[in-house]
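Construct the complete structure from the given sequences, taking the supplied hints into account.
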Amino acid sequence: MTLLKLQNVAASYGASKALFDVNLSLSEGEVLALLGRNGMGKSTTVKTICRMMSATGTLTFDNQDLHRLACHKVARLGIGLVPEGRRCFANLTVTENLIAAARPGPWDLARVITLFSQLGARKAQRANTLSGGEQQMLAIGRALMTNPRLLILDEATEGLAPIIRQEIWAVISKLKADTGMAIIVIDKSLAELKQVCDRAAIIERGKTVWQGAMVDLTPNISERLIGV
Amino acid sequence: MHMIDPILATYNLKKSFGALTATDDVSIALFPGEIHAIIGPNGAGKSTLISQICGGIQPDSGRVELLGHNITQTNVSMRARAGIGRTFQVSALAMEDTVLQNVLLGALGGSGTPWHFFRPALKDWRLRDKAMTALIHVGLQAHAATRASELSHGQRRQLEVAVTLTLEPKVFVMDEPMAGLGAEGSKNLTELLDNLREKAPILLVEHDMDAVFKLADRISVLVYGHIIATGTVDEIRSSKVVREAYLGDGV
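From first to last, the protein sequence lines stand for chains U and H. For the first sequence, position 214 matches number 214 in my numbering, and the numbering has no gaps at all. For the second sequence, position 24 matches number 24 in my numbering, and the numbering has no gaps at all.
Simulated from the structure, these hints should not be mistaken for lab results. Keep in mind that a hint or two might mislead.
Here are the computed lysine-lysine pairs in the DSSO-like style, where the Cα-Cα straight-line distance is at most 30 angstroms [to be verified]:
no., chain 1, residue 1, chain 2, residue 2
1, H, 170, H, 14
2, U, 5, U, 174
3, H, 240, U, 194
4, H, 14, H, 187
5, U, 194, H, 214
6, H, 240, U, 174
Following this line, the structure appears as structure tokens:
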């Protein structure tokens, strides 16, 4: 069943048009890599899905029109965002960060702490005293606390040590295997994306220029459209 | 064992913040033509080390030497003029100014020329030549009139390098230059840095292991403020202690 659908989506920052024609669809349990060079519209697409900016075109989640909803209602509907740059609540503790986002469902404090055991030892620490890797885990944990049906990870491994990045990728694989949650991943590591994602969509200059199964993303296509 | 003197060296640098020891007895050296990468987990003390080298933070003990001169007591601007060219983890550019104006600001600062009310820097052909040479070196000459805010993230990184070049640095100190770049941007910047080592050696703090393994002649690994290993790419990749502390099994 189609969970998320974007059709002819366009969006602007004031007079600057950022998205011209974005088309995406995502089914329950599917993991999609959203690819493209810097500045092509990936994060803007995420902002339109989460209703952090207005857009035109068709934008539905579980057959509900997202245009009518404020961004907090989109979160309630089941879209969880792990934003670029983590954006944890700096002066709240780990526990407070997680509880602040809690919605009813299978993901609760205990389950998040089980997934990220390092956070268990840091429960009473303020977010701004955590390492970059721990803050990233907290940002993912906070999104899971909303009990999403769609989880969006925007550059979740950026600026992290390799050993921590491997942990984050392992968590994404585990979420895919254990939960049946739909996931959109934006990341520059094509090798890791190929291991975990079912499909990929490439955005160039605000338009979806390629979509398909991850196995069909040949080196020719990726070299031409994303430069690697 | 190196038979030549290092361009930049730290000796037994120590810095604590309260109970936290950020750098503990850190001695590293950067030799001519070399790219020496500093890697380590988030919070290991890499940025604190860079700040001590560039003069933003004074060490509790130990010293920093540039071309054999002790510069530990000098401030940031004195070290920049002495030849330490730094790029930042978060781009530090004048975003509303053009690419050329940004580079001219660097050239002006590096020249030691006092500001002239009646001779705009944009009309100083000596400074303009210097700025354009730097832009050509990083491949941004076609964007001289573009505002920095309109550049892509990768182009801003190139511009930072150009600004640093105008200072005619003896060493480059780069704090996560690949941060925020896409795969293509990382590839392009890796090529740029590879060519840059002819100009001056580079001390490179970076998490992008593709870039580090491609560029580094030597790598030092900083964990909890200690250098736990220094060696070639192969030596570091095969080090059990480095794999456990930083690289993991997938790199």
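- prompt: Is residue 240 of chain H within 30 angstroms of residue 174 of chain U, Cα to Cα?
  reply: holds, 27 angstroms
message: Holds or violated: residue 14 of chain H and residue 187 of chain H, Cα atoms, limit 30 angstroms.
response: violated, 35 angstroms
field: Pairwise hint evaluation, residue 174 of chain U against residue 5 of chain U, where the allowed Cα distance is 30 angstroms at most
entry: With a Cα-Cα distance of about 25 angstroms, the restraint between residue 5 of chain U and residue 174 of chain U holds, given a limit of 30 angstroms.
query: If you draw a straight line from the CA of residue 240 of chain H to the CA of residue 194 of chain U, is it 30 angstroms or shorter?
result: holds, 28 angstroms
message: Can you confirm whether the C-alpha distance between residue 194 of chain U and residue 214 of chain H stays at or below 30 angstroms?
response: Holds: residue 194 of chain U and residue 214 of chain H sit about 22 angstroms apart, inside 30 angstroms.
query: Does the structure keep residue 170 of chain H and residue 14 of chain H at a Cα separation of 30 angstroms or less?
result: Between residue 170 of chain H and residue 14 of chain H the Cα gap is close to 24 angstroms, so the pair holds against 30 angstroms.
Going through the hint list in order, the structure does not satisfy hint 4, though it satisfies all others.
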